[in-house]
Structures are given as C-alpha cells and as structure tokens.
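Engineer: Spelled out, the chains give:
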Amino acid sequence: MTVQELDAIRKQKKELIDVRRLVKEQAEKLAANTGYRKQVLVCGGTGCTSSHSMKVIAQLEASLKELGIDDVLIVKTGCFGLCALGPIMIVYPEGAFYSQMTPEHAKTVAEKHLIKGGQIVKELLYQGTVHEDGSIIPFAETPFYKKQMRIALRNCGVIAAEDIDEAIAAGDYEAVEKVLFHMTPDEVISEVLASGLRGRGGAGFPTGKKWQFAKASQGEIKYVCCNADEGDPGAFMDRSVLEGDPHCVLEAMTIAGYAIGAHQGYIYVRAEYPVAVERLKIAIGQARAYGLLGKNILGSGFDFDIDIRLGAGAFVCGEETALMTSIEGHRGEPRPRPPFPAVKGLFGKPTILNNVETWANINPIIVKGAKWYSSIGTEKSKGTKVFALGGKITNVGLVEVPMGTTLREIVEEIGGGIPNGKKFKAAQTGGPSGGCIPAEYIDTPIDFDNLVAIGSMMGSGGLIVLDEDTCMVDISKFYLEFTADESCGKCTPCRIGTRRLLDLLTKITEGKGKPEDLEKIEALCEHMKSSSLCALGQSAPNPVLSTMHHFRKEYEEHIYEHKCSAGVCKALLNYTIDKEKCIGCGLCSKNCPVSAISRTDYVAPGHKLASFAIDPAKCIKCGVCLGNCKFKAVVRK
Amino acid sequence: MKQENVCTACEEKLGTPEQEARLKALIEECKSTPGCLMHILQEAQGIYGYLPMQVQKTIAEGLGISLSEVYGVVTFYSQFSLTPKGKNRISVCLGTACYVKGSDKILAEVEKELGIKCGECTEDGLFSIDSCRCVGACGLAPVMMVGEEVYGKLTPDMVHGILEQHREENK
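Which chain is which? The protein sequence lines are W and B, in order. Residue numbers for the first sequence follow this note's numbering, beginning at 1 and rising by one. Residue numbers for the second sequence follow this note's numbering, beginning at 1 and rising by one.
Note that these hints are calculated values from the structure, not bench results. One thing to keep in mind: the hints can contain errors.
[What the hints assert, rightly or not] Label-pair distances were calculated between CB atoms; the ranges are:
#1 B:E123 to W:V594: 52 to 62 Å
#2 W:G294 to B:K171: 44 to 54 Å
#3 W:P515 to B:G72: 22 to 32 Å
#4 B:K105 to W:V3: 50 to 60 Å
C-beta: ideal position from N, C-alpha, C; glycine also.
Modelling step: build the complete structure from the supplied sequences, incorporating the hints.
Structural biologist: Next up, the structure:
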C-alpha cells in the first residue's frame with residue numbers, strides 16, 4: 001500500500017467516525033453524508049460479551065431485517081468503560097446511551113427508535129443520562145465520563161474493533177506514516193523522551209530512555225516486545241486496548257522498531273484473553289495484507305513484522321527478563337540484571353519491552369507532539385493513566401484520567417461511590433506488588449511518585465476499592481497466597497520468604513498470632529525487598545508493609561484481642577442466637593451443615609416456640625444460619 | 001512407576017491414530033521456529049485435553065531436547081495439566097475484584113456441590129474445578145466460567161442451578 005492509498009481510506013471513512021465524536025447537532029448534519037441514518041455501537045469487550053452482548057447484536061440484526069431497515073449500521077466495538085452496566089449500546093448521531101441491554105430491549109429499541117422517525121426509548125437509557133426534568137444529557141457529561149480524558153483509550157468504543165479501515169480513519173497509522181517519511185530514528189526517540197512518557201507497566205521507567213539505550217546497543221538483530229501478560233488480578237486495561245484498538249499497538253511497535261533498528265516484534269499475551277488474542281490475530285493479518293506490516297512498509301523501504309506468543313499462566317512472566325525467557329520457550333524464570341534487555345534481551349539480542357498501555361500512547365505523542373502530551377499530568381508523571389476500577393464501587397469499569405487526579409475524584413465522582421451506604425476504607429493499587437491507600441490520603445493526587453511516597457505503587461492500574469467489610473490482614477494474606485503460589489522458585493528470598501510470610505499471616509488470621517510476629521514480619525519483608533532476584537519477590541512484601549503501616553491497629557486487634565472487626569477471619573468469629581429475638585422457626589437448624597443448632601427449652605415472651613442455640617464446639621462458622629434467619633436473631637461477633 | 005489419574009491407554013500409545021498424526025504433524029511444522037516448545041505444548045494440550053507423559057516424550061524426541069526440559073516447562077505454567085480435565089471445565093475466578101466480592105464462597109459452594117476439591121475432576125469425568133486469576137470480567141464479579149461460558153454476579157445459591165443446567169446438556 002502507498003501513502004496515497006492510506007489517505008484515501010482515511011478520507012472515505014472519516015465522516016462515519018466523526019459522527020461518533022461530534023456533538024449531536026453537528027453529528028446529525030454529517031450523518032446524512034455517510035449513507036447511514038443511524039449507527040448502533042454495541043460493546044464487544046470481554047465484560048459485555050460475558051453478559052451476552054453478542055445476543056443483543058444478533059437480535060438487532062434480526063429486527064432490522066424484519067422491519068426492512070437497511071440504512072442503520074451495526075458496529076461491534078471495544079470497551080466503553082462502564083462495565084458494571086453492560087451490555088452497553090450507543091446510538092448515533094443522537095449519542096443515546098443504552099445500558100444493561102437484553103435481546104428484548106434491543107427489539108424494543110429497533111422498533112421504537114431505529115425506525116424512521118423513531119424516538120429514543122428513555123426508560124432503557126443509562127439513567128445517568130436522563131435529567132430529572134426528562135431531558136437527555138450527553139453521556140460525555142455524566143459524572144462517569146466528565147472527568148475522564150481518553151488518550152490511550154481514544155478509539156476504544158469508537159471504532160469497529162475488527163475493521164482496519166475504521167482504525168485508519170480514526171487516526172491509527174498516521175504516526176507511522178509521519179515517522180517513516182518525515183522523522184529520523186533519533187528524532188523519534190527525542191520526541192518520546194520529551195513527552196515524559198513513563199512505562200505504564202508498573203515501575204514507571206522513562207520509555208524514551210529505554211529506546212535510547214536499545215538504539216545505542218550494537219547489533220544487526222534487535223527486537224521489540226509488547227508485554228500483554230496482564231497478570232495483576234483485577235486489572236483489565238491492557239486487555240481492553242487490545243480488544244478495542246489492536247492496531248494502535250501494532251503501529252507503535254513498528255515506530256519503535258524504526259527508532260531502534262529492529263525488524264521483528266513479539267506480543268506476549270495471556271492465553272486467558274481469548275477475545276484479545278483473536279482480535280490481535282485479525283489485526284496482524286489485516287495489517288500485513290495492507291502492507292502496514294512486513295516488507296517495505298508504505299514503500300519506505302523499512303521492514304517490520306510482528307508475531308504473537310501466548311503465555312500459559314505464570315504471573316512472573318510479567319517481569320521483563322522472565323517474559324523473554326518464556327518467549328524463548330523455557331520456564332519463565334527471571335535473569336539477573338545487568339545486562340539489561342536493552343543490551344542483551346530476547347535471544348541474547350538488544351530488546352525493548354513496553355506494555356500495551358504504553359504503546360497506546362505513542363501515536364498521539366508523535367501526531368500531536370511531545371509538547372502537547374507533556375502539558376497533561378503532573379511534573380514528573382505526564383499524560384493520563386487508565387485504571388480498572390473494581391471491588392466495592394458502584395461504577396465498576398475502565399477509566400482514563402490525567403495524572404494528578406485525586407483518588408477522591410476517581411472513587412466518589414467517576415466511580416459513583418461505595419454501594420449499599422458502606423464507608424470507604426482503602427483503595428488497593430498495584431495489585432500483588434502494590435499497597436493500600438487509606439481514607440486519610442484520599443485527596444492525594446495520583447501519580448507515580450506520590451503513590452510510592454504513601455507506600456503503594458502505580459502498578460499496571462488495577463484499582464480495587466475496599467469498604468469497611470474488608471479485613472486488611474485477610475487482604476494481605478490473599479496477596480501473599482497469590483505471590484507464594486506464583487513465585488517461580490529460582491531465588492531463595494522469594495521462594496521461602498513468601499511462604500514464611502504467608503504462614504505468619506495465616507497464624508494471625510487464625511487468632512494464633514504472637515506480639516513478636518509483627519516484628520518478624522517486618523524484618524522478613526525488608527530482607528525480601530533487598531535480596532530477591534526480580535520485582536516479584538522485591539515487591540511481594542508491599543501489600544503487607546503498607547497495610548501494617550496504615551492499619552496496624554487491625555493487626556494488633558487480631559493478635560491481642562482475637563478479634564476481626566470486619567467480620568472476615570472465620571476463626572475469630574462467633575455465631576450466637578439472640579434468644580429473645582428467635583421465634584423458633586428452625587430454619588437455621590434445618591440448614592446447618594454440621595447440625596450444630598438445636599432447640600432449647602426457653603420460650604421468649606411473646607413467642608410460641610422455644611428458641612434455638614448454637615453449639616460453639618460444633619459450629620464451623622460458615623454463616624449459613626445468618627443468611628437464613630429472617631428475624632435477625634443470629635449474631636456474628 | 002505409574003501416576004494415579006493418568007490415562008493408561010495414553011501411557012502406552014499416543015491416543016487415537018488421528019491424535020498421533022496431528023501431534024506429529026504439529027511437531028514437524030513448528031520444529032524450526034525458535035522458542036516453539038510452548039506453542040507445541042499448548043496445541044498438544046488442545047489435541048489431548050492434557051499432557052500425558054508419552055506426549056511429552058514424543059515432543060522431546062521430536063525437538064531433540066531432553067524430557068526433563070519439556071517436563072520442566074509443563075510443570076512451570078499453571079495452564080498445562082498432567083491429569084485429564086472434566087468435560088465441563090469449571091474455573092472460579094479468585095482475582096482481587098472477585099475475591100473482595102466473595103468468590104471464595106462461590107468456590108466452596110462448587111466444591112460442596114460436586115464433592116471434589118479445586119484441581120480435581122469428578123469420577124464421571126463430567127466436571128473439573130480450577131481456580132483462575134482474573135478472566136477480566138471484573139464488572140461482573142464474582143465470576144466463574146464453565147467451559148467458555150461466563151457466569152457473573154454470582155451468589156452461592158446460583159451454583160446449583162448452573163451445574164444442573166450443564167448436567168442436563170450432557171444427558
């Protein structure tokens with residue numbers, strides 16, 4: 001393909017894409033030019049497909065056919081972000097934002113809205129877009145979207161994820177064209193350096209520096225790798241980028257290849273992400289067919305190709321040297337650094353590795369310039385960050401905000417607060433390598449350095465909100481179970497350290513903790529941090545240290561008082577029946593799996609039947625009785 | 001020395017002639033690509049459902065590497081299995097987002113319902129249970145998968161119905 005042909009595709013589909021980006025009035029005017037009266041965008045990301053968005057699409061197609069409508073375009077996109085309310089569907093040019101769609105709802109929308117002269121079906125809209133007086137506000141102005149700034153996710157939920165033409169029209173491959181014909185490799189690297197972009201995978205190393213080192217390394221063969229092994233449980237931003245806009249990653253890797261002098265790239269992706277893998281395969285096939293990958297890209301004389309390598313479920317493979325060992329087909333164990341991958345990486349050649357979200361930022365940096373990019377964010381953390389909001393929060397989903405946004409804005413405004421009137425206790429960032437941010441730091445502007453300063457880390461962007469029902473000792477035990485399980489076993493501090501740390505935490509949650517255990521934990525953590533081989537072992541103590549720092553009282557409560565005030569640690573709980581409240585219905589006794597509940601001979605005043613009591617010796621603390629009692633007579637303490 | 005739970009038929013032979021032919025063709029095809037072992041193991045697991053010793057031996061011989069190297073890789077990654085899995089593979093997500101919403105209780109319920117522990121397979125070969133770390137559908141937490149089907153926003157009392165539905169389908 002030539003540059004002219006690329007340009008032709010861009011022009012041809014530009015208006016179609018613009019309809020989805022403009023405000024209602026302009027979009028309506030433009031829609032007339034596109035040949036489609038309406039466009040229906042349905043989310044085809046993992047979250048929405050899991051709640052059956054494909055059935056919604058099938059029903060839409062069937063209904064449109066039945067109604068004889070042929071000027072409505074159905075587009076299967078990537079993630080819109082508001083996963084909690086999926087499946088999501090947006091109708092343009094109005095920008096009507098339908099949520100929690102079912103096939104029946106789709107039929108209704110087709111019959112009432114998509115037909116000629118149809119009207120928006122208000123009752124099926126995301127209620128956040130319906131004003132009290134009945135008017136409809138654009139979804140971009142709802143609290144969830146208002147404070148967001150979409151750079152990495154710019155095309156997610158805007159374009160058809162499996163259509164390269166739409167990707168091109170939306171701006172993908174514009175940067176690679178600019179780079180190949182108007183910039184030298186050094187200029188590319190200085191642009192990325194000047195942008196201040198830091199790796200979004202966890203540690204926040206300046207991306208431009210990485211590229212500079214790899215360029216300076218001598219060698220005929222070099223490699224460019226993409227880390228799509230999103231191992232942090234509860235994080236799904238990389239997956240969403242791959243599912244929504246796979247071409248932006250391919251393009252960025254090509255640019256890096258040009259900058260450092262590499263001709264082969266590898267994307268290492270989790271096998272647990274079947275949709276993302278499928279879309280990547282389609283995207284690579286299309287890019288090759290268009291000559292945007294392969295020999296002589298766009299006639300520039302530059303060759304670059306990309307292959308996919310599937311992971312097989314090992315968290316440590318998110319570590320750069322382990323990932324490369326795994327691509328080489330071995331056990332994914334890390335190697336000591338130096339030599340750094342930029343000098344000696346994949347197959348012993350100079351290699352750069354960036355994660356998906358980092359790659360997603362490259363196109364805007366090249367097209368709009370480093371100056372524009374570095375104007376966003378804080379002094380040392382430029383640009384935006386995508387967070388996967390999860391846990392005890394109303395708007396579970398994917399959000400992208402400028403660096404420096406406070407946790408309060410993310411949790412209370414964008415996230416819609418904590419459901420069921422519970423209190424915010426902490427936010428966990430950085431997954432098994434990160435820590436907890438307690439309520440008193442909720443106004444801290446989030447960036448790489450601030451998070452480290454308060455004992456957590458950015459990590460890849462999982463942000464799990466915890467409420468008062470979460471026990472902090474239990475949460476750190478949960479993470480240690482994870483890291484102990486995922487430790488590759490190569491170095492002793494990590495292999496044995498995680499195991500011992502887990503033992504100590506288990507002891508505390510079982511009420512067998514001793515006062516000196518806290519000091520033992522702290523000492524062990526310090527040793528692991530200083531002497532583990534790779535980031536997995538060095539950061540595994542973080543969840544423990546940060547919860548011990550911010551919630552030491554809870555640890556002490558478990559040890560000294562044998563109490564878990566969040567009511568999580570089973571061994572420390574006791575179930576009793578309030579004999580005054582018990583009406584003697586026997587539902588608890590019938591459902592008790594260990595027959596620990598029996599009738600007493602006490603009849604409470606005003607009741608006809610004798611009350612029940614729990615035998616603490618038999619009780620296994622499963623909580624079934626608590627769930628079954630309709631009279632709140634079962635008490636957990 | 002035979003391990004329990006290992007299909008004895010596969011110990012001797014390489015499954016059906018068709019499976020054997022596919023495995024050998026696969027090894028031939030990928031042999032020259034550097035770092036192909038992982039890919040071959042993934043495909044082989046697709047053919048056999050798990051990785052019996054004889055399959056590992058064949059791969060080692062085909063690639064000219066030692067069996068211990070193959071075995072080392074197989075046991076390193078959680079996705080590879082040395083034992084057969086059930087017809088319906090149940091995978092309960094124990095990722096953080098699911099955990100804080102009580103997925104441990106879902107796992108306990110599945111274990112109770114099927115009478116087996118996580119990592120095991122029922123005697124009739126219909127179900128096996130595994131835990132996984134995040135399927136990425138955190139918006140639906142807690143989540144479990146049966147085969148490719150994702151079930152979200154689960155409560156323990158929903159488990160019985162879901163398993164029944166799959167039992168029905170396999171009748």
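Engineer: Determine which of the earlier numbered hints do not hold for this structure and return their numbers in increasing order.
Structural biologist: Violated hints: 1, 3; rest satisfied.
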